[in-house]
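Colleague: Below, each chain spelled out in residue letters.
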Amino acid sequence: MVVISRIAVSLILLGLLVSGATPEQKRIAIFSRVTSYSLPVVDVGGQEYSGFLEVLEPLGTVSAKADNKHWKLRYNDLDLEFTPNETRVRINGSNFVLSSPFLMQNGRGLVPVSSLGPLLSRVLGGPVTFNPASRRIFIGNVAVHFTAQILTSQISSGPTLVMNFSAPVNPTIATDASKLRMSFAHDPIAPPGTQTLTFNNQAISSAIYEEGNGAAEITIVGASPLFAKFSNDRKTITIAAAPAVAAQAPAPAPPTAVPEATVAPPPAAAQGNAGNFPPVAYFAVVDASHGGDDRGAALTSQLDEKDVTLSFGRRLRQELESRGLTTLLLRDGDTSLSLDQRAGMTNAAHPMIYLCLHAASQGNGVHLYTALLPSGGENSSAFLDWGTAQASSLPRSQSAVALLAKALGDSKIPVRTVSAPLRPLNNITTAAIALEISPPASGPAGLSSPEYQQSMASSIATAMSFVRRNLGSAP
Amino acid sequence: MIAIAAGMTIYVWKARARAVGTAESLTFQGPVAPPVSGSTEAVTLYVADDDAGVLRAQPFKIPLPSGRQQRAEELLRNLVELYSAKSSYHPIGQGSEVRDVYLVDPGLAVIDINSAFAEGHHSGVLVEELTVASLVETLSANIPGVTRVKFLVDGKPRETLAGHADLTSFYDVAAVHHLATELQSR
Chain W
1 MVVISRIAVS LILLGLLVSG ATPEQKRIAI FSRVTSYSLP VVDVGGQEYS
51 GFLEVLEPLG TVSAKADNKH WKLRYNDLDL EFTPNETRVR INGSNFVLSS
101 PFLMQNGRGL VPVSSLGPLL SRVLGGPVTF NPASRRIFIG NVAVHFTAQI
151 LTSQISSGPT LVMNFSAPVN PTIATDASKL RMSFAHDPIA PPGTQTLTFN
201 NQAISSAIYE EGNGAAEITI VGASPLFAKF SNDRKTITIA AAPAVAAQAP
251 APAPPTAVPE ATVAPPPAAA QGNAGNFPPV AYFAVVDASH GGDDRGAALT
301 SQLDEKDVTL SFGRRLRQEL ESRGLTTLLL RDGDTSLSLD QRAGMTNAAH
351 PMIYLCLHAA SQGNGVHLYT ALLPSGGENS SAFLDWGTAQ ASSLPRSQSA
401 VALLAKALGD SKIPVRTVSA PLRPLNNITT AAIALEISPP ASGPAGLSSP
451 EYQQSMASSI ATAMSFVRRN LGSAP
Chain V
1 MIAIAAGMTI YVWKARARAV GTAESLTFQG PVAPPVSGST EAVTLYVADD
51 DAGVLRAQPF KIPLPSGRQQ RAEELLRNLV ELYSAKSSYH PIGQGSEVRD
101 VYLVDPGLAV IDINSAFAEG HHSGVLVEEL TVASLVETLS ANIPGVTRVK
151 FLVDGKPRET LAGHADLTSF YDVAAVHHLA TELQSR
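Note that the protein sequences, when read in sequence, are chains W and V.
When we follow the working numbering, the leftmost residue of the first sequence carries the number 1, and every step to the right adds one.
When we follow the working numbering, the leftmost residue of the second sequence carries the number 1, and every step to the right adds one.
Derived from the structure by calculation, the hints contain no laboratory data.
Hints may be right or wrong, so weigh each one.
[Claimed, not checked] Some chain V residues well away from chain W (every beta-carbon gap over 10 Å; in silico):
{"#": "1", "residue": "R68"}
{"#": "2", "residue": "P144"}
{"#": "3", "residue": "V146"}
{"#": "4", "residue": "P157"}
[Stated by the list, open to error] To spell it out: a stretch of chain V is covered by chain W in this simulated footprint if at least three of its residues, at any positions, have a beta carbon under 8 Å from a beta carbon of chain W; those stretches are:
{"#": "5", "segment": "50 to 59"}
{"#": "6", "segment": "72 to 82"}
{"#": "7", "segment": "171 to 177"}
[Unchecked claim] Estimated spans, in silico, between C-beta atoms of each pair:
{"#": "8", "chain 1": "V", "residue 1": "G120", "chain 2": "W", "residue 2": "A445", "range": "40 to 46 Å"}
{"#": "9", "chain 1": "V", "residue 1": "H177", "chain 2": "W", "residue 2": "S206", "range": "54 to 60 Å"}
{"#": "10", "chain 1": "V", "residue 1": "H178", "chain 2": "W", "residue 2": "T198", "range": "58 to 64 Å"}
Even for Gly, the Cβ is constructed at its ideal location relative to N, Cα and C.
Same shape as in the complex, but just chain W (with noise of 0.2 Å):
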């Protein structure tokens, strides 16, 4: 038994050694706007962990020493206290709880991966997004989203593929018989509105994103070989048919790697030198309602308010991005976040308006609302008062909303506008609108269909242009 064991060992090592296979490190992707970079995981007793000194020291600076019974960790003003095999922390005095066991190994502090999107949001005291799946964590608003569109023209041979990014970017290109890949290991792409964009076009069908073990990737499916060249600043990804193959039948060829060699460097923007990033003036802020525990309405028994909030918001953000109108989208995954946090969020963004996002299982088109404040106002002292911090906003508000009820009024959508006490509207020194789509007229069911979504995205994305075209300078 022990000899056929042995045997069995045996042949599936020199497998193997035969094929050259070996299992893929386990990583974890972490994109700031400081520096990107990517760690390896371990895993222990089945939890992914990650050695946090190394998680910190790109961000900050940051030194650790341990005694007998903790691990003491200083990250530029705060003090953290782990204590190996357990799941408390202490952070300048408050407790944090890690959903599994902190561990010492080889004088390395290992926290568990899933803790670290809140336990850096914690430290780092900002919106971290955490997709535990892929295992990438953007900190702050870092993602670079894209937008892709089929051109046709008399002039040459086919159709292209254009694909606009946000930001530069400079992803690993390889091709095959009919496929072009683009694999983005070092650029915090974030994830478009559906994993499958389709082009309704023979010649280059469709698009599909994913990402997993800290890296994005999208795949352009072709009829026949596709070669990228870039622009812009490599911010343009354009895709074509290879000029060689273009009149010919398309040819099986062997998958081809295009090294990083053969296009230009990358800027130093795409590399994350913090120096090389002025602050971003954002015209919106839009805030996806709800998010983790708290679920929001159920707008169906399967379909959570807060689910439809982060796709909606992702795709508006896609869509005021792509008309030039910069955004933060506050809430970018399944996170909690509470409304003073928002508020703060936000308030520190200096937007020109923030747009609270949420749904309804009744009525029909958009429902507007501004802030409910007393009646005369307040703050007259020196210091705002938290709780009616609009009120010099307030007219503001009122005229983004008549402007966007006018535009959406324009685009035949339904809208009816009034004041809610609707928290963190009255916390929010800037133009504030809170945005409530109601269902198509297939019912709630219909408010996670993706092309209601888009079709509501775009509308309301066209209708802000106009506000923001007329609403004027902020005050």
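Please build the complex by placing chain V on the supplied structure of chain W, with the hints as guidance.
Modeller: Just chain V now, kept in the frame of chain W:
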């Protein structure tokens, strides 16, 4: 022995009678005050309609006690009863109740609803603000001198009614009146 047995029988009989009385008082959940009866008064209730998304001022004739605080409670209980009916245009959860209304001078009314009211309430911006506006406007329209309203749930502060309408702040009656005017038209 006979005397001891007789004594034990009397003790057990009395103890049982006490236990039945306690059980009856624990299961009693009706209002502490006697049911209101007698002459009715004309009042205006602000009644929500979810489908139309509006608030309607509707005249009713209901019996009201003479005390200011009891009148406030009776008004809102009538309104909640209306919403609890099967044919309601603004249905609320089973067991929803206004526990108490406290009138605190100068001008503050505290409406304490039960947790069934909040937990069973439909979630949504409009449907929740219709409830809030309905309660505040009905109270202020019929009880003179109320200028601010605060909501509690089971005697405790709560962040929102059902995920949207803010319950942390004091409602300014003048602002809610303006909102009620907005909600009366489409």
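Colleague: Please go over all the hints and tell whether each is borne out by the structure.
Modeller: Checked hints:
1. R68: holds, 24 Å
2. P144: Correct as stated: the minimum Cβ-Cβ distance to chain W is 18 Å, above 10 Å.
3. V146: Correct as stated: the minimum Cβ-Cβ distance to chain W is 14 Å, above 10 Å.
4. P157: holds, 14 Å
5. 50 to 59: holds (count 3)
6. 72 to 82: Since 0 is below three, the answer is violated.
7. 171 to 177: It holds: at least three residues are needed, and the segment 171 to 177 of chain V offers 5 whose Cβ sits within less than 8 Å of chain W.
8. V:G120 / W:A445: 40 to 46 Å: Given range 40 to 46 Å: violated, Cβ gap about 23 Å.
9. V:H177 / W:S206: 54 to 60 Å: holds, 56 Å
10. V:H178 / W:T198: 58 to 64 Å: Taking Cβ atoms as reference, H178 (chain V) and T198 (chain W) lie about 48 Å apart, which means the hint is violated.
When the structure is compared with the earlier hints, violations turn up for hints 6, 8, 10 and for no others.
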